[in-house]
Amino acid sequence: MHPLLHTKDNSGCEQVMIALEECHARGFVWKAVGMCNDAKQQLVECLRAERSKNQDENRNGVQDKRSRIRQKWKEIEENS
1 MHPLLHTKDN SGCEQVMIAL EECHARGFVW KAVGMCNDAK QQLVECLRAE RSKNQDENRN
61 GVQDKRSRIR QKWKEIEENS
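In terms of UniProt numbering, the sequence shown opens at residue 1 and continues consecutively.
It is worth saying that the hints were derived from the structure and are not from the lab. There's no promise every hint is true.
Said to hold, decoys possible - Distance condition first, Cα-Cα at most 25 Å in a straight line; then the derived BS3-like pairs of lysine-lysine:
id, residue 1, residue 2
1, LYS8, LYS40
2, LYS8, LYS53
3, LYS40, LYS53
4, LYS72, LYS53
5, LYS72, LYS8
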């Protein structure tokens, strides 16, 4: 499995990753015939949900930071 998948940011998908790794461990023919496609699709959906959640958190954090900066600039302008 790709090493970047095993990060703290994707801990919600750990069980799905393990299931895909176990499927891949069954051998090349098992993968080549498409027996791991369901597990892979579940992993893709889980990672997409995790990424979306992280993006929402980051977006909210940036909006909060921008509002604090605007407030500080407003205070500076009022005191000048």
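Each hint tested on the structure:
For the given pair, LYS8 sits about 20 Å from LYS40 by alpha-carbon distance, which is consistent with the 25 Å threshold. A threshold of 25 Å between alpha carbons decides the hint, and for LYS8 with LYS53 the separation of about 14 Å falls inside it, so the pair holds. At roughly 20 Å between alpha-carbon atoms, LYS40 and LYS53 fall within 25 Å of each other, so this suggested pair holds. For a cut-off of 25 Å, the pair hint linking LYS72 to LYS53 is broken: about 29 Å separates their Cα positions.
For the given pair, LYS72 sits about 34 Å from LYS8 by alpha-carbon distance, which is inconsistent with the 25 Å threshold.
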